[in-house]
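Taken in order, these protein sequences are the chains called A and B. Using my numbering, the letters of the first sequence map in sequence onto residues 361 to 700. Using my numbering, the letters of the second sequence map in sequence onto residues 26 to 637.
Careful, some of the hints might be misleading.
[What the hints assert, rightly or not] Computed Cβ-Cβ distance ranges for the label pairs, DEER-style:
| id | chain 1 | residue 1 | chain 2 | residue 2 | range |
| --- | --- | --- | --- | --- | --- |
| 1 | B | E459 | A | E669 | 30 to 38 Å |
| 2 | B | T470 | A | K509 | 41 to 49 Å |
| 3 | B | E504 | A | R372 | 54 to 62 Å |
| 4 | A | T494 | B | K469 | 37 to 45 Å |
| 5 | B | K618 | A | T494 | 55 to 63 Å |
| 6 | B | P525 | A | K509 | 29 to 37 Å |
| 7 | B | E105 | A | P665 | 36 to 44 Å |
| 8 | A | P512 | B | P369 | 47 to 55 Å |
[Stated by the list, open to error] Here are the simulated lysine-lysine pairs, DSSO-like style, with alpha carbons at most 27 Å apart:
| id | chain 1 | residue 1 | chain 2 | residue 2 |
| --- | --- | --- | --- | --- |
| 9 | B | K253 | B | K224 |
| 10 | B | K253 | B | K453 |
| 11 | A | K689 | B | K179 |
| 12 | B | K218 | A | K689 |
| 13 | B | K253 | A | K689 |
| 14 | A | K409 | B | K419 |
| 15 | A | K689 | B | K559 |
| 16 | A | K556 | A | K409 |
| 17 | A | K605 | A | K543 |
| 18 | B | K469 | B | K577 |
| 19 | B | K620 | B | K577 |
| 20 | B | K251 | A | K689 |
| 21 | B | K144 | B | K620 |
| 22 | B | K637 | A | K664 |
| 23 | A | K556 | A | K689 |
| 24 | B | K559 | B | K623 |
| 25 | B | K143 | B | K183 |
| 26 | B | K183 | B | K231 |
| 27 | A | K509 | A | K576 |
| 28 | A | K689 | B | K469 |
| 29 | B | K302 | A | K677 |
| 30 | B | K559 | B | K630 |
| 31 | B | K443 | A | K689 |
| 32 | A | K409 | B | K143 |
| 33 | B | K224 | A | K689 |
| 34 | B | K616 | B | K637 |
| 35 | B | K253 | B | K217 |
| 36 | B | K217 | A | K677 |
| 37 | B | K449 | B | K258 |
| 38 | A | K677 | B | K218 |
| 39 | A | K409 | A | K509 |
| 40 | B | K251 | B | K443 |
Hints listed in this document are in silico derivations from the structure and should not be mistaken for laboratory results. The C-beta atom is built at its ideal place from N, Cα and C for all residues, glycine as well.
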Amino acid sequence: MSTTIAPTPLTRKDFESDQEVRWCPGCGDYSILAQTQKVLPELNVPREKFVFVSGIGCSSRFPYYVNTYGFHSIHGRAPAIATGVKASRPDLFVWVVTGDGDGLSIGGNHLVHCMRRNVDLKIILFNNRIYGLTKGQYSPTSEFGKKTKSTPMGSIDYPVNPIHLAIAAEATFVARSFDIDTKHMQETLVRAAKHKGTAFVEVFQNCNIFNDGAFKGFTDKDVRDDRVIYVEHGKPLVYGKNRDKGLRLNGTNLEVVTLGNGISESDLLVYNEEDPSPVMSYLVSALEFPHFPVPVGVFRNISKPTYDELMAGQIQKSIEISGQGNLEKLLNAGDTWTVE
Amino acid sequence: MSVKERKDLQEVTIRFAGDSGDGMQLTGTQFTNTSAVFGNDISTLPDFPAEIRAPAGSLPGVSGFQLNFSSRDIRTPGDEPNVLVAMNPAALRVNLADLEQGGILIVNSDAFNANNLKKAGYANNPIEDGSLSGYRFFSLPITSLNANALTETKLTKKEIDRCKNFFALGILYWLYDRPMKVTLDWIESRFKKNPELVKANTLSLKAGYYYGETTELFTTHYRVDKAKLAPGKYRNITGNEATAIGFVTASQLAGRPLFYASYPITPASDILHELSKHQNFGVKSFQAEDEIAAMGAAIGASFSGYLGLTGTSGPGLCLKSEALNLAVMTELPVVVVDVQRGGPSTGLPTKTEQADLLQAMFGRNSESPLAIIAPSTPGDCFAMAIEAWRIAVKYMTPVLYLSDGYLANGSEPWRIPKVEDLPKIEVKFRTEVEGFYPYLRDEKTLARPWAIPGTPGLEHRIGGLEKQDITGNVSYDPENHDHMVRLRAEKIARIANDIPEVEVLGEKEGEVLVVGWGGTYGAITAAVEECRSKRNLPVSSIHLRYLNPFPKNLGDILGRFEKVLIPELNLGQLALLIRGKFLVPARSFTKVKGKPFKISEIIDKIEETLEK
């Protein structure tokens with residue numbers, strides 16, 4: 361008689377590598393690493409099936425600290441390398457770790473195309489709005505006029521909104537969270553992990569050395585309730601410490617309203633993350649502090665076939681139509697003749 | 026109908042030339058396949074513009090296809106055409122200078138109107154001004170003859186005129202006593218969905234053939250007998266086809282599926298097209314967003330246990346450099362095909378050159394050793410594609426495969442190997458957990474283990490940062506870096522123990538040694554053979570298919586000759602490497618015209634080298 365021993369469930373510890381974490385003390389990256397390591401065991405995936413691929417930058421050291429298969433690649437190219445991993449091996453669970461410089465500047469092209477193809481990758485973009493590893497130049501998400509070592513009179517290029525880029529590229533799952541709301545980040549990462557297709561998660565992450573306090577104005581605990589809005593599927597857009605504020609559609613724009621005095625929740629926009637149209641997700645993710653609360657949560661969550669499964673499907677179909685490839689036949693194809 | 030004389034010839038070189046929309050590549054390919062199946066030895070040189078449809082009738086819009094067919098063993102598409110078919114004035118103007126004196130010149134006189142003459146820069150009509158009297162000149166109204174033959178079809182005038190290349194082909198088939206069957210079969214299968222086109226093209230071909238037979242213009246036709254090729258089954262193959270099916274074969278021999286990531290680029294795209302047809306072999310073909318992504322995806326696939334492959338040309342190789350270096354650092358088996366073309370920059374996309382050798386050797390930051398191989402003929406592309414993978418997986422290294430435009434588009438009869446005679450490629454994935462370290466090397470090859478995701482207990486991280494020896498952990502230690510740089514170099518150097526020694530054609534020592542590499546094999550070998558057999562000159566040659574590392578006996582052979590001559594389609598890149606490595610005063614013979622060497626050019630240079 362044989363007994364089946366259930367595998368011991370994995371724990372956070374199983375996903376910690378033996379490498380010493382070398383981010384600056386106080387960096388927001390620690391939190392993202394910790395939340396990821398907490399979430400991974402919950403996914404019921406064998407550890408050897410995970411692959412973390414990163415580019416270059418502070419965030420991209422991430423794979424060294426996670427005890428799975430990992431690839432710390434070159435600047436901006438992680439989505440391309442991860443596409444090769446996932447397209448060849450759909451059985452693997454592939455994550456991409458990138459930053460605002462890595463993913464949106466040098467690697468912008470690859471990021472757009474992997475989202476457009478709906479490759480089944482989980483992408484976490486650490487957005488600290490600065491180049492950290494090269495010691496403090498402005499990044500594609502830095503605010504206009506940012507004074508840095510490379511822009512002593514202030515930057516003169518307009519920042520990109522990563523969520524807008526992801527929506528425009530037709531990513532099938534688009535979300536945002538931030539480093540100091542650990543619970544929200546965990547929930548968001550779990551949802552991203554369970555999504556089939558490209559899941560893009562932007563995480564606001566504080567760089568306490570070169571851009572300290574970039575998000576403090578709205579993420580700090582004492583102001584957060586009034587300055588951050590948690591977007592939830594099927595629910596009206598309500599926020600505020602007393603849940604007394606909301607977002608209402610006025611023409612093609614959103615406006616902040618105070619509930620009461622004839623305005624109720626039924627007047628507010630009810631969020632639909634599954635809307636096939638990108639309009640609502642675009643409108644809401646465009647909101648910025650200080651004129652509006654900063655939206656976090658899942659902006660878009662739709663379903664369509666993934667690149668890797670379509671590719672595998674074509675291989676299967678081709679075998680059904682032509683039979684398993686026969687080398688003898690391949691070599692002898694076309695017009696042939698024999699010399700005696 | 027008079028009975029016409031038939032003469033036997035040993036070898037003929039024909040060039041078909043016309044507007045890029047005239048179907049000259051197709052016409053040439055049909056003549057080639059017919060001659061191959063007939064049993065001639067053949068060698069071809071397509072030569073077409075980078076523009077898809079340059080302005081009609083213009084000089085830059087001329088497209089040509091040269092083929093050499095023979096009853097003996099030949100190695101090149103021929104130095105000078107014996108026959109030129111010019112479908113318009115521009116084609117005549119561009120190609121006439123190459124035609125041998127007294128050669129056969131056939132022109133489509135219908136195309137020699139005022140407008141076309143002006144576009145080709147002719148002040149007078151060369152058909153009428155006597156300037157072509159040095160040739161056996163046939164001025165034939167091909168467009169109208171063809172139109173007359175097709176009056177009963179339901180095609181438009183434009184469609185009828187598009188068949189005129191097959192009328193011309195028919196004339197040539199009669200002139201060189203070729204069977205029409207191969208082309209008739211091709212027409213049948215190509216246009217099977219449109220019976221009217223089958224009918225029209227068949228009529229055009231046959232009408233051309235019978236026109237040749239009945240017209241009083243041609244008094245003689247010719248026969249080129251079968252060549253005495255080694256016994257076996259043959260097919261005609263281009264370098265790009267041979268490269269692609271060589272990779273599919275390598276994948277079958279290794280028992281691992283192929284992942285081909287590529288971005289369209291001339292002249293490498295045909296490899297992408299060919300591999301995309303073979304999904305039933307498990308080939309995953311990925312058209313990436315750019316060259317960098319293609320390189321990256323190939324690396325990702327190799328990391329995951331596939332045979333990650335990418336293909337490009339020079340400009341694409343520039344873009345791949347950084348990612349290729351990542352494959353050097355992570356020691357993953359990837360193969361990169363570079364079908365070289367004229368450069369620098371966009372250069373001459375459809376013309377051949379071999380000027381990427383130093384880029385392949387050194388075009389990456391820091392000390393970045395990898396294996397470099399180069400096929401020597403279109404058929405050899407098959408063998409070298411398999412060899413690329415044998416080296417890549419055995420040594421866990423990127424391999425650069427340097428083809429060129431001449432090999433890629435040129436064709437020759439290829440003796441089809443038997444599957445059971447092909448070597449197995451051994452792939453070992455590490456599965457044993459005990460004693461696993463990502464950079465613990467095989468003692469003999471210095472290869473690190475290939476431990477693929479999904480293997481329990483072997484979870485590990487690799488990347489572009491310097492590795493600690495054995496553990497693969499990130500290390501900034503100076504001693505370790507020095508050690509690792511030398512280890513990576515030593516691993517590639519050891520491949521020399523595992524590749525064939527170079528063989529000398531001719532005496533093993535003497536006065537002049539000609540050293541070639543890659544696609545110049547045919548011209549160099551034919552030149553050296555002729556110098557030896559007909560001119561009795563003291564010259565030998567070797568041909569390098571392995572550029573890094575070099576074969577082990579190369580230095581020894583170089584030292585046995587008084588003079589070393591290195592012909593290359595660049596400004597002396599192999600010469601630089603050989604001078605640097607072996608301290609021999611090699612003489613460089615260079616040409617960068619976007620065209621292959623002629624045999625005569627190399628013979629002249631050999632004679633000059635012997636004199637000086």
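Practice problem: Provide an ascending list of the numbers of those earlier hints which the structure does not satisfy. | Solution: 3, 5, 6, 7, 8, 9, 10, 11, 15, 19, 22, 23, 28, 32, 33, 35 and 39
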